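Below are the chains, spelled out letter by letter.
There are 2 protein chains.
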Amino acid sequence: MNIYDISKQAGVSIATVSRVINGNTNVSQKTKDKVLAVINECGYTPNAFARGLGLNTMNTVGILCPDSSDPYLAKSIYYLEQMLRQNGYDVLLCCTGYELSEKQNYLNLLLSKRVDGVILVGPNFIEVQDAKNEYIRLAAKKVPIILLNGTLSGENIYCALCDDFQATYDATNCLIKNGITDILYLYNSNSYSNKQKLDGYVAALADQGIPYRKEFVSYLTGDLQCVKEHLISLSRTGLDFKAIITSDDHLAVGAIKYAKSQNLSIPSDLSIIGYNNSIYAECCDPELTSIDNRLETICKNCISTLMGVFSKEPVPLKTIFPAELVKRETTSF
Amino acid sequence: MNIYDISKQAGVSIATVSRVINGNTNVSQKTKDKVLAVINECGYTPNAFARGLGLNTMNTVGILCPDSSDPYLAKSIYYLEQMLRQNGYDVLLCCTGYELSEKQNYLNLLLSKRVDGVILVGPNFIEVQDAKNEYIRLAAKKVPIILLNGTLSGENIYCALCDDFQATYDATNCLIKNGITDILYLYNSNSYSNKQKLDGYVAALADQGIPYRKEFVSYLTGDLQCVKEHLISLSRTGLDFKAIITSDDHLAVGAIKYAKSQNLSIPSDLSIIGYNNSIYAECCDPELTSIDNRLETICKNCISTLMGVFSKEPVPLKTIFPAELVKRETTSF
Numbered sequence: 005m006n007i008y009d010i011s012k013q014a015g016v017s018i019a020t021v022s023r024v025i026n027g028n029t030n031v032s033q034k035t036k037d038k039v040l041a042v043i044n045e046c047g048y049t050p051n052a053f054a055r056g057l058g059l060n061t062m063n064t065v066g067i068l069c070p071d072s073s074d075p076y077l078a079k080s081i082y083y084l085e086q087m088l089r090q091n092g093y094d095v096l097l098c099c100t101g102y103e104l105s106e107k108q109n110y111l112n113l114l115l116s117k118r119v120d121g122v123i124l125v126g127p128n129f130i131e132v133q134d135a136k137n138e139y140i141r142l143a144a145k146k147v148p149i150i151l152l153n154g155t156l157s158g159e160n161i162y163c164a165l166c167d168d169f170q171a172t173y174d175a176t177n178c179l180i181k182n183g184i185t186d187i188l189y190l191y192n193s194n195s196y197s198n199k200q201k202l203d204g205y206v207a208a209l210a211d212q213g214i215p216y217r218k219e220f221v222s223y224l225t226g227d228l229q230c231v232k233e234h235l236i237s238l239s240r241t242g243l244d245f246k247a248i249i250t251s252d253d254h255l256a257v258g259a260i261k262y263a264k265s266q267n268l269s270i271p272s273d274l275s276i277i278g279y280n281n282s283i284y285a286e287c288c289d290p291e292l293t294s295i296d297n298r299l300e301t302i303c304k305n306c307i308s309t310l311m312g313v314f315s316k317e318p319v320p321l322k323t324i325f326p327a328e329l330v331k332r333e334t335t336s337f
Numbered sequence: 005m006n007i008y009d010i011s012k013q014a015g016v017s018i019a020t021v022s023r024v025i026n027g028n029t030n031v032s033q034k035t036k037d038k039v040l041a042v043i044n045e046c047g048y049t050p051n052a053f054a055r056g057l058g059l060n061t062m063n064t065v066g067i068l069c070p071d072s073s074d075p076y077l078a079k080s081i082y083y084l085e086q087m088l089r090q091n092g093y094d095v096l097l098c099c100t101g102y103e104l105s106e107k108q109n110y111l112n113l114l115l116s117k118r119v120d121g122v123i124l125v126g127p128n129f130i131e132v133q134d135a136k137n138e139y140i141r142l143a144a145k146k147v148p149i150i151l152l153n154g155t156l157s158g159e160n161i162y163c164a165l166c167d168d169f170q171a172t173y174d175a176t177n178c179l180i181k182n183g184i185t186d187i188l189y190l191y192n193s194n195s196y197s198n199k200q201k202l203d204g205y206v207a208a209l210a211d212q213g214i215p216y217r218k219e220f221v222s223y224l225t226g227d228l229q230c231v232k233e234h235l236i237s238l239s240r241t242g243l244d245f246k247a248i249i250t251s252d253d254h255l256a257v258g259a260i261k262y263a264k265s266q267n268l269s270i271p272s273d274l275s276i277i278g279y280n281n282s283i284y285a286e287c288c289d290p291e292l293t294s295i296d297n298r299l300e301t302i303c304k305n306c307i308s309t310l311m312g313v314f315s316k317e318p319v320p321l322k323t324i325f326p327a328e329l330v331k332r333e334t335t336s337f
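As given, the protein sequences belong to chains A and B, one line each in that order. The first sequence begins at 5 in my numbering and counts up by one. The second sequence begins at 5 in my numbering and counts up by one.
FYI, nobody ran anything at the bench for these hints, they're computed from the structure. Given the structure is predicted, the values throughout are model-derived calculations rather than measurements. It cannot be assumed that every hint is accurate.
Any copy will do: because identical chains look the same in the list, a pair fits if it lies in one copy or spans two.
[To be verified] With a Cα cut of at most 30 Å, we get these calculated DSSO-like pairs of lysine-lysine:
(1) K316 <-> K36
(2) K36 <-> K145
(3) K79 <-> K232
(4) K136 <-> K36
(5) K331 <-> K79
(6) K36 <-> K146
(7) K331 <-> K264
I would like the entire structure built from these sequences, with the hints used as guidance.
Here is the structure:
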């Protein structure tokens with residue numbers, strides 16, 4: 005007997021059952037009585053410890069993310085926490101950093117806390133080398149694992165993501181159709197998702213008969229200053245580029261800082277397209293054209309999938325949403 | 005017997021005990037044996053449920069924040085989560101929104117989960133009307149409550165904060181000493197902290213013999229566009245201002261957008277000072293002069309206070325840090 009069965013039997017939502025259990029006053033007396041009657045009837049003890057011991061659930065979901073202060077990941081956590089709470093689940097948050105060994109440690113830590121499920125937030129959990137993802141498949145033997153913007157095949161693993169390949173393919177195509185063919189590509193991680201983005205860029209060039217030049221692609225980490233300096237040194241080598249697509253808005257803001265330092269006018273001298281449509285995109289000047297990967301929609305999908313798994317309903321293994329190019333001031337189209 | 009006693013008896017840090025319990029491999033065999041010997045000797049069962057039942061601690065700290073996607077709050081959560089983890093504590097995260105009733109509900113929810121302590125993140129938890137803060141004092145009868153950038157007197161309530169009054173006092177003074185006396189002040193919340201900031205602005209004007217004009221002070225919520233439009237309509241009323249101090253970087257970025265829309269040059273026509281020294285400050289153009297309220301230091305202080313309370317050491321009720329004005333491109337000094 006768990007919160008789902010109670011909600012079903014009482015004919016109210018899980019959120020309502022949760023509210024009653026937690027003594028929230030936003031419930032009518034009638035509904036409260038109905039829920040409490042079912043709870044009493046079935047002997048359900050709404051106490052975290054008793055629940056944990058007797059019914060093997062803490063009604064807790066673990067969220068793992070590399071860095072909760074990254075604006076994109078912070079927004080994900082915000083959506084997920086709200087949606088989980090609405091469904092009567094608590095959130096145990098772990099910030100893992102970007103090291104594989106730490107991710108493994110934290111995932112095992114969450115399992116030892118007997119969470120009901122785990123959400124891995126952001127593409128950085130999936131390594132291109134598949135053997136390195138085995139610890140996730142092992143964890144999925146114990147609890148359902150949801151990947152937010154990541155993809156991995158395996159039993160009890162569910163993915164909700166944006167079509168990153170198509171997104172950068174379309175963005176690159178858009179630039180080419182506007183007569184811009186010298187396009188830099190900057191990325192800051194080797195995750196599966198970032199590989200897809202890079203592949204989209206490469207495929208768009210190929211389909212338009214534009215040769216791929218590896219000096220046009222840079223792997224870059226570090227702050228805005230680093231990005232700016234990297235671009236200055238690239239341009240000093242005589243490389244001529246008219247546009248920059250990045251795997252992340254932060255890199256794109258660095259590109260704007262570069263353009264400003266060289267007195268380049270945006271977008272006439274240099275077009276810039278970011279990725280994530282995060283707060284960076286509206287803060288900077290000129291405001292950034294950015295690929296929106298539908299974070300809120302993806303988060304909703306993650307939660308409805310997880311709730312479906314908990315209540316043993318059939319759920320999709322993988323759901324892919326299309327991205328959207330949000331046009332602002334760093335492109336002329 | 006809890007994790008502290010074990011750490012004491014084994015002569016290792018709490019983090020090490022936690023690592024051993026959680027099967028983390030970053031511990032030498034010798035240390036591991038020593039910790040396990042103490043654990044076995046005292047009959048400590050390192051299982052979340054058993055711990056909860058038998059020892060009345062889940063080694064979990066609740067973090068309440070209004071909105072985990074706000075960059076300042078996101079950064080706080082990031083620091084706190086890491087520091088708590090290092091001390092062997094899990095984080096139960098709740099995002100409450102800004103409504104008082106919801107804050108009350110979530111705090112009670114955390115208490116029902118038997119957390120060992122609660123950290124209230126951000127100044128928005130403390131209402132100027134003291135009666136509205138009574139629910140926090142009630143909660144403090146059960147577990148220690150730590151206020152991060154808030155202040156409230158009461159038993160078992162501990163505060164770590166920045167001297168917001170002095171910060172805006174100094175910033176306002178700085179402008180006045182540079183010959184700028186027509187200074188707008190924009191704020192976006194009625195928290196105690198924001199009242200301190202406003203008082204600092206008012207006091208600096210008074211001390212320099214500049215009359216306070218209430219049309220120079222605006223309470224503003226909403227996005228960048230709203231801030232921009234509000235300033236445009238203010239200037240259309242004929243109000244002449246040469247500087248803007250804001251209670252938050254987001255408002256300051258809105259002020260930059262306003263200046264740009266009116267072809268005002270920054271800082272010669274308009275100086276702007278933000279608050280928080282968040283990522284907004286570096287993203288925007290020109291980059292924002294902002295008051296840094298030492299978030300990492302404050303977070304560290306919160307955690308060391310909480311750990312002190314847990315281990316029954318004497319700890320300060322209130323710790324106040326000075327802010328620092330980080331000068332960038334929106335001021336001429």
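Now for the hints, and whether the structure bears them out:
1. Only within a single protomer do K316 and K36 lie at most 30 Å apart by alpha-carbon distance; the minimum there is 26 Å, versus 40 Å between protomers.
2. Proximity of K36 to K145 under the C-alpha cut-off of 30 Å is restricted to the inter-copy arrangement: shortest distance 28 Å between copies versus 37 Å within a copy.
3. Taking the shortest alpha-carbon separations for K79 and K232, both the intra-copy value of 26 Å and the inter-copy value of 24 Å come in at or below 30 Å.
4. Proximity of K136 and K36 under a CA criterion of 30 Å is satisfied inter-copy only: 27 Å between copies versus 48 Å inside one chain copy.
5. For the identical chains of this complex, K331 and K79 are neighbours both inside a copy (21 Å) and across copies (29 Å), given an alpha-carbon limit of 30 Å.
6. For the homomeric pair K36 and K146, the shortest alpha-carbon distance between copies (26 Å) is at most 30 Å, but the shortest distance inside one copy (34 Å) is not.
7. Proximity of K331 to K264 under the C-alpha cut-off of 30 Å is found in both arrangements, the shortest distances being 20 Å within a copy and 19 Å between copies.
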